[in-house]
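A.B. asks: One line per chain: the protein sequences are B and C, in this order.
For the first sequence, the working numbering assigns the number 105 to the initial residue and increments by one for each residue that follows.
For the second sequence, the working numbering assigns the number 132 to the initial residue and increments by one for each residue that follows.
Note that these hints are calculated values from the structure, not bench results.
Be aware that one or more of the hints could be misleading.
Here are the computed lysine-lysine pairs in the DSSO-like style, where the Cα-Cα straight-line distance is at most 27 Å [as the list claims (entries may be wrong)]:
no.: 1; chain 1: B; residue 1: Lys-173; chain 2: B; residue 2: Lys-262
no.: 2; chain 1: B; residue 1: Lys-173; chain 2: B; residue 2: Lys-183
no.: 3; chain 1: C; residue 1: Lys-291; chain 2: B; residue 2: Lys-438
no.: 4; chain 1: B; residue 1: Lys-183; chain 2: B; residue 2: Lys-262
no.: 5; chain 1: B; residue 1: Lys-183; chain 2: B; residue 2: Lys-169
no.: 6; chain 1: B; residue 1: Lys-438; chain 2: C; residue 2: Lys-292
Here's the letter readout for the chains.
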Amino acid sequence: MTLSPLAQEALVATLTILLVVGTLLGLFSVMTWVERRTLAFMQFRLGPNRAGPFGILQPIADGIKLFFKEEVMPAAADKWAFLAAPVVAVTTALLATAVIPYGPPFTLGRWSVLPEWLRGRTLQIQIADLEVGLLWIFAIAALGVYGVVLAGWAANNKYSLLGGLRSSAQMFSYELALTLSWIGLIMAAGSFRIDDIVAAQAGWFVRWNAIAQFPAFLVYFVAATAEVARIPFDLPEGETEIVAGFHTEYSSMRFALVQMAEYINMITVSVLAANLFLGGWHSGIPWVPETLGGFPLGFVWWGAKVAFVLFVFIWLRGTLPRFRYDQLMHFGWKVLIPVAGVWVMGYSVWIVLGSR
Amino acid sequence: MDAALFYFFAAVAVVAAVVVVSQRNPIYSAFALVVTLCSLAAIFGLLGSPFIAAVQVIVYAGAIMVLFLFVLMLLNVRREVDRPGGRDRILAGVGLALVTLLVLQAGTVLLGSRRAPAADFDASTTEMAKILFSPVFLYAFEATAILILAALVGAVVLAKKEL
Numbered sequence: 105m106t107l108s109p110l111a112q113e114a115l116v117a118t119l120t121i122l123l124v125v126g127t128l129l130g131l132f133s134v135m136t137w138v139e140r141r142t143l144a145f146m147q148f149r150l151g152p153n154r155a156g157p158f159g160i161l162q163p164i165a166d167g168i169k170l171f172f173k174e175e176v177m178p179a180a181a182d183k184w185a186f187l188a189a190p191v192v193a194v195t196t197a198l199l200a201t202a203v204i205p206y207g208p209p210f211t212l213g214r215w216s217v218l219p220e221w222l223r224g225r226t227l228q229i230q231i232a233d234l235e236v237g238l239l240w241i242f243a244i245a246a247l248g249v250y251g252v253v254l255a256g257w258a259a260n261n262k263y264s265l266l267g268g269l270r271s272s273a274q275m276f277s278y279e280l281a282l283t284l285s286w287i288g289l290i291m292a293a294g295s296f297r298i299d300d301i302v303a304a305q306a307g308w309f310v311r312w313n314a315i316a317q318f319p320a321f322l323v324y325f326v327a328a329t330a331e332v333a334r335i336p337f338d339l340p341e342g343e344t345e346i347v348a349g350f351h352t353e354y355s356s357m358r359f360a361l362v363q364m365a366e367y368i369n370m371i372t373v374s375v376l377a378a379n380l381f382l383g384g385w386h387s388g389i390p391w392v393p394e395t396l397g398g399f400p401l402g403f404v405w406w407g408a409k410v411a412f413v414l415f416v417f418i419w420l421r422g423t424l425p426r427f428r429y430d431q432l433m434h435f436g437w438k439v440l441i442p443v444a445g446v447w448v449m450g451y452s453v454w455i456v457l458g459s460r
Numbered sequence: 132m133d134a135a136l137f138y139f140f141a142a143v144a145v146v147a148a149v150v151v152v153s154q155r156n157p158i159y160s161a162f163a164l165v166v167t168l169c170s171l172a173a174i175f176g177l178l179g180s181p182f183i184a185a186v187q188v189i190v191y192a193g194a195i196m197v198l199f200l201f202v203l204m205l206l207n208v209r210r211e212v213d214r215p216g217g218r219d220r221i222l223a224g225v226g227l228a229l230v231t232l233l234v235l236q237a238g239t240v241l242l243g244s245r246r247a248p249a250a251d252f253d254a255s256t257t258e259m260a261k262i263l264f265s266p267v268f269l270y271a272f273e274a275t276a277i278l279i280l281a282a283l284v285g286a287v288v289l290a291k292k293e294l
């Protein structure tokens, strides 16, 4: 079978999209189980361990349960907005993942199972390699607020509305700190492209941005936790205060969609932390070989880093109490943003002096 | 391919813009405006300037419209009721749109020979930054920054009775 170059490109792109979206959705369901089991062990419980070996089939059971639950829409809700909100949330969550490279570029072997044109080709698991990669993520994150705002408003419920307002105020307060923490990295790499930022961290692990730009890393991690509304910044759904925040009135599969958006966002910020700050797919030790028997070891380092960041998020949830709302705003505006700003200014001076 | 995408996003932008003015529910209007702004961003991207596209979404579709929505939601604005003179307003709006179209068309025809060559213009982020921070635009750029800062301080002073 011969394909035109355009058709080849289209086929590779389609397969990449299916692979990324499929993996993310699979990882979402597995993460719900991993999170519950890990939290349980931290609290000397067992967690869900009945469905299948170690309870690994629990996400499927949860899915079936949610699927057969009754869908309730409040009588006074705004119908279209209520239906659209979870869709907006999931769409923006998935769109943000488009520019992220998942692992190193790799070269396919000349295996006979592959069609002729694919043999020996170098590929990378990345949907779109944009010149403005980080700006794209920032733009989509800015749009992600709408899912929450719309959900809170549409339900026509006081708790939902308050939760939606809290949530959106929190999200775009911490977005500022999040973006400020990236500026140092962009200056160091001289590019918005995530691949370039990863490439700038090659070599010894002291070149990783988590070490070389430690204050930026701290700001990023705290702001990212707030951005995805994880404990200790989970006020939007602080159940002791405002029932369940913006998704109080959501049930059944629409509730599952809201949850899915939140988990995908958490996976996104974890992958970004690995790529931008923890050296991506570089091992951190120059004399470690890049491939082992043709297999790019970068996938192992990269996967381990992502898994570690995801574990830290769960660990925080098992450890820390929730912030109060005024403390949250105070911390975001008066501590995090100034620290990030001072770091950006200091780093700029350093670069200018260094280039003299 | 580019032309098809352009017409798609242009159509989405126009339809959403009509929804902005025709919709009686202010929240729906605001969301239609977000759709218009995002379609415009897509058109900027098609023109070869991903930076402008991203900034368009961040600033307009993201930051500014979220503030609009905050106000609408906090004031709990509901559906507008029909006011007398509605027909006249529609006519005035359509008339204004036609006049604008006419002026733009006339301008294009008159200045057609002096149109900027689109093909050999490099709109990449690095090139744009070089132009923006060159002496040609540097002072205008910095003056805008000071203007925005002054507006920001003014807003805080007006909003907060006690500092």
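A.B. asks: Each hint should be assessed against the structure and marked as holding or not.
C.D. replies: The hints, checked one at a time:
Distance hint between Lys-173 of chain B and Lys-262 of chain B is fulfilled; the C-alpha atoms sit about 24 Å from each other, no more than 27 Å. At roughly 19 Å between alpha-carbon atoms, Lys-173 of chain B and Lys-183 of chain B fall within 27 Å of each other, so this suggested pair holds. Between the alpha carbons of Lys-291 of chain C and Lys-438 of chain B the distance comes to roughly 17 Å, so the proposed pair stays at or under 27 Å and holds. Taken as a hint, the Lys-183 of chain B and Lys-262 of chain B pair is honoured in the structure, with Cα atoms around 17 Å apart against an allowance of 27 Å.
Restraint check: the Cα-Cα separation between Lys-183 of chain B and Lys-169 of chain B comes to about 24 Å, which is no more than 27 Å; the hinted pair holds. Between Lys-438 of chain B and Lys-292 of chain C the alpha-carbon distance is near 20 Å, which keeps this suggested pair within the 27 Å criterion.
Against the hints set out earlier in the document, no violation occurs for any number.
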